[in-house]
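Model the placement of chain B on the given structure of chain A, informed by the hints.
Spelled out from the first residue to the last, the chains are:
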Amino acid sequence: MGRWLRVLGTGGGFISFAAGSAVISWFIVPYLALRHRRQPYLARVAAYQRVMLAAYRSFMGVLRVYGVSRFERRELQGRPPGAFVLVSNHPSLLDVIVVLATVPGVCCVVRSGLFDLPFLGPLLRGAGYIPGPGAEAEEGDSPILDRIVERLDQGLPVLVFPEGSRSPEGGLRRFRRGAVEAALRAGVPILPALVRCDPSTLRKGQPWYDVPDRRFTLTVDFLPVMTPPSGAGSRELTQELAALYRERISAAAAASLAAGEGR
Amino acid sequence: MINGSSSADDILGALRKTFEELFEIPPEDVHLGSKLYEEMDLDSLDAADMRANLQEVVGRSIPESQFQDVRTVDDVVRLLQRVVSV
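Protein sequences appear in the order of chains A and B. So the first sequence is numbered by this note's numbering: it starts at 1 and just counts up by one. So the second sequence is numbered by this note's numbering: it starts at 1001 and just counts up by one.
Honestly, the hints are just simulated from the structure, not real lab data. Glycine included, C-beta positions come from ideal geometry on N, C-alpha and C. Just so you know, not all the hints are guaranteed correct.
No more than 30 angstroms apart at the CA atoms, straight line, and that leaves these computed lysine-lysine pairs for DSS-like [said to hold, decoys possible]:
#	chain 1	residue 1	chain 2	residue 2
1	A	Lys204	B	Lys1035
2	A	Lys204	B	Lys1017
3	B	Lys1035	B	Lys1017
Here are a few chain A residues that sit away from chain B, every Cβ distance over 12 angstroms (derived from the structure) [as the list claims (entries may be wrong)]:
#	residue
4	Ala19
5	Leu34
6	Arg35
7	Tyr66
8	Gly67
9	Leu194
If you want a taste of the chain B side facing chain A, the calculated C-beta under 8 angstroms gives, among others [to be verified]:
#	residue
10	Phe1023
11	Asp1043
12	Leu1045
13	Asp1049
Isolated chain A (complex conformation):
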């Protein structure tokens, strides 16, 4: 398909995302709020999370129809029971969506300003999502970490990108130790997800209309679950985790280079 059609499809994708968010926030959230108002917190969160999951999967379906991207959803094997920290690398804007479309029932950290919006705010709160660092980011303490640990203690899994922002093309930023620290404090395992976006697109600072020369494919793989030994330090574990990702990413890069040469 032509490049300009994919630019159009990408723009249409953004519009669909906004329209979908509006429909869910305006019509479905009030219904959920009413219907589940007497239920305990976890049951209410589960109801919102089901809607979010359906929305994420439909959105990936929309992008496929628009010819923008392909997403092969794989069933996750060996999901830890109960709470866990889901970590992922972050090559593209769509990683949150593909990871959450793959692993149901996971809370994530969202920009704190969005929680103040009249319709979207209740949706994010209902799904158990966590307001990200706002003004307190400069104060030196770490309420964001406390908020993540609180969710884990409630029994809900949380998605954290240890790089804190989108990865550079074909690589990784420095892993911060907050994700591992949260897992250690809550005493829960870490499930590492590996997202691949081929060809690379929608990176940080890259304009959305700068579409790649062909349709891009997003895949989500998983590395073995890490169960931190008691007394482990988050610094060492974070380095270990980063090393695992580096190894996998360079192996994948070498494989795709070899495949390219064989073509």
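Here is chain B on its own, set in the frame of chain A:
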């Protein structure tokens, strides 16, 4: 080792080593004016790690309350100068 007779340059040199060891920041990117949280992208846990590391470097304890106020590399240099001079 940093002590009362270390110059600001010595301290900056030691800081560059700390930043490289802890945060993989190349020494040439560490300047007095660099902002720790915005430009160097550190978070609160990083700040705690930095404080622990610097306490080892200077061999003295650095009060957490004073460390909370630092915003730039220059602030850290000045704080270390104060800490080693008492």
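Verification of the hints:
1. A/Lys204 x B/Lys1035: Within the cut-off at roughly 21 angstroms; holds.
2. A/Lys204 x B/Lys1017: Within the cut-off at roughly 29 angstroms; holds.
3. B/Lys1035 x B/Lys1017: The hint holds at about 17 angstroms.
4. Ala19: 34 angstroms, holds
5. Leu34: 39 angstroms, holds
6. Arg35: 39 angstroms, holds
7. Tyr66: Holds, because the least Cβ-Cβ distance between tyrosine 66 of chain A and chain B comes to about 34 angstroms, which exceeds 12 angstroms.
8. Gly67: 36 angstroms, holds
9. Leu194: Holds, because the least Cβ-Cβ distance between leucine 194 of chain A and chain B comes to about 21 angstroms, which exceeds 12 angstroms.
10. Phe1023: 6 angstroms, holds
11. Asp1043: It holds, given that the least Cβ distance between aspartate 1043 of chain B and chain A is near 6 angstroms, below 8 angstroms.
12. Leu1045: This hint holds: leucine 1045 of chain B lies near chain A, its Cβ roughly 6 angstroms from the closest one there, short of 8 angstroms.
13. Asp1049: 7 angstroms, holds
Consistency note: the structure conflicts with none of the earlier hints.
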